[in-house]
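Which chain is which? The protein sequence lines are A and B, in order. Letter by letter, the first sequence follows residues 1 to 276 of my numbering. Letter by letter, the second sequence follows residues 1 to 267 of my numbering.
Hints were generated in silico from the structure; no laboratory data involved. Every residue, glycine too, gets a C-beta built ideally from N, C-alpha and C. Among the clues, some could well be false.
With a cut-off of at most 25 Å between alpha-carbon atoms, the simulated DSS-like pairs for lysine-lysine come out as follows [stated by the list, open to error]:
1) Lys91/A <-> Lys189/B
2) Lys3/B <-> Lys183/A
3) Lys185/A <-> Lys3/B
4) Lys183/A <-> Lys189/B
5) Lys241/B <-> Lys89/A
6) Lys241/B <-> Lys3/B
7) Lys111/A <-> Lys91/A
8) Lys254/B <-> Lys185/A
9) Lys215/B <-> Lys189/B
So, partial list: chain A residues that the calculated Cβ filter (under 10 Å) puts toward chain B [what the hints assert, rightly or not]:
10) Phe30
11) Ser170
12) Thr177
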Amino acid sequence: MSWFEAKTEKVKIPPAKALWAICPKCGSHFEKAVWKKNNAICPKCNYHGRLSARERIAQVADAGTFSEVFRAVSYSDHLAFHDATGPYKAKVEATIAKSGETESVVMGTAKIDGHPVMLGVMDFAFMGGSLGTGTGERVARACEQAIAENRPLVLFSASGGARMHEGILSLMQMAKTSAAIAKLKEAGLPYISVLTDPTTGGVSASYAMLGDINVTEPKALIGFAGRRVIENTIHQKLPDDFQSAEYLEKHGFIDKIVERSELKGFLAKMLNYWGF
Amino acid sequence: MAKKTAMDCVKLARDPKRPHLKDFIKLICSDFEELHGDRLVNDDRGLIGGFATVGGEKVLLLGHNKGATVEENMEANFGMANPDGYRKAMRLAKLAEKFHLPVVTFVDTPGAYPGREAEERGQAEAIAKSLEFFSRLRTPVVVVVTGEGGSGGALAIAVGDRILMMENAIYSVISPEGCAGILWRDGTKAPEAAEALKITAPDLLKLGAIDEVVKEPAGGAQKNHKAAASAVKKAVLAALKALKKIPVDVLVEKRYEKIRAYGNFYS
């Protein structure tokens, strides 16, 4: 035993998460109130953190104009899926009870600086923003309603990908949403995709990447395969900025990185250019 | 004999002795003229295509190029396509549309290639575009899942009018190992995950994700390539015959309705 063994008393410290907001990009600590006041944007590195679907809607839609649709379209447990941690049904019901949302995308009609739109916002807190059959159904219905009412579609993505618990039919939502987007475009209607942190897997590989324009926020994570999967495949370390918004813009897959404070104005400006 | 489990099917689907794209081409096509490149950066070897004659029918044939040997697989990334592969597939399918020829795709991939360049060249965008593109292509599309239908990388060339699947093939949103690693936090629980995900042809038929199961010779396609290929050829030709009768506007609208109905449990 070492002669300088220190004797310390065990003090119960509350977990850091309870007191501090920690920026996932630069690791800086802030008082939670500071983080919130700064609209979940890191005061140090300008990473644009995650918002709930409702927070996002409040920031983008004109006050009092958002009218939710398809709320009854929720999840489906057609596989009676059960994993090591329990049944899918229990997990998703707990998420519904906690969040008050019934699927990972909230849809509605709204106005953005007076422009009528179909507005969809994904919520990463709902099962990791995963694309289930209900999510895909809402996106497809949104496209169809947009066509019927001659509205542009503005869709905010935040997702880890397809929802495994719904098996092959969650994968098929990638086809379904992409087909519906194709019809929307054929009808001559605009589709603005806003890819927020994080948008990966099956959602980035379907409707999120299909915008007439694709925009994002500073430092958002956007990609197809996960960083670790790629590192394990190619046995190389990837650059720090790999799959960041800035990296995607550099490689030509993002039209513009927009600061959160300017996002609403930017959307309205584009709709105005296009005569909607 | 014990009942075949989902994991038994996974093993059969991945059996290196199973017929792969080049075997099917040899056994099914009286002619195949491969065409190369996406006209942008590359000629992906993980996904190949060209014009082919199958039982007297002229078609465009596309497929994941999984190989039988290490050398073949090194060249073709084990049938994992890069974005260039999906862009090549769209370019060739557009040619088929122009000349009123149907498209036949062969799906056999662990997934889209997870690599640095693949991400830099837009793997997500290429898959997304492919889904959008094939949903509106104005010519018949017949899909055959022959081995591993690995997630988005498979689906990118599996949007069509008639989806066939070989009896021992698998088709899944995620590999059983990947799913077990995430939801069981233990990769060795892949057999449980395979069962839970419902990835075998009969299960997928029940779920409406595919249209037809193509029977394999006793013991599996790896035991008799010729018989396996002959069953696939017969099913493809029957599908083509039916689809060619449908006027193209109707065909595309029916395809939309089919895709639109995937997992619509909602009134």
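Here's how the hints hold up against the structure:
{"no.": "1", "hint": "Lys91/A <-> Lys189/B", "result": "holds, 20 Å"}
{"no.": "2", "hint": "Lys3/B <-> Lys183/A", "result": "violated, 44 Å"}
{"no.": "3", "hint": "Lys185/A <-> Lys3/B", "result": "violated, 48 Å"}
{"no.": "4", "hint": "Lys183/A <-> Lys189/B", "result": "violated, 41 Å"}
{"no.": "5", "hint": "Lys241/B <-> Lys89/A", "result": "violated, 43 Å"}
{"no.": "6", "hint": "Lys241/B <-> Lys3/B", "result": "violated, 36 Å"}
{"no.": "7", "hint": "Lys111/A <-> Lys91/A", "result": "violated, 34 Å"}
{"no.": "8", "hint": "Lys254/B <-> Lys185/A", "result": "holds, 18 Å"}
{"no.": "9", "hint": "Lys215/B <-> Lys189/B", "result": "violated, 29 Å"}
{"no.": "10", "hint": "Phe30", "result": "violated, 31 Å"}
{"no.": "11", "hint": "Ser170", "result": "holds, 5 Å"}
{"no.": "12", "hint": "Thr177", "result": "holds, 8 Å"}
In terms of the numbered hints stated before, the structure departs from hints 2, 3, 4, 5, 6, 7, 9, 10, listed from lowest to highest.
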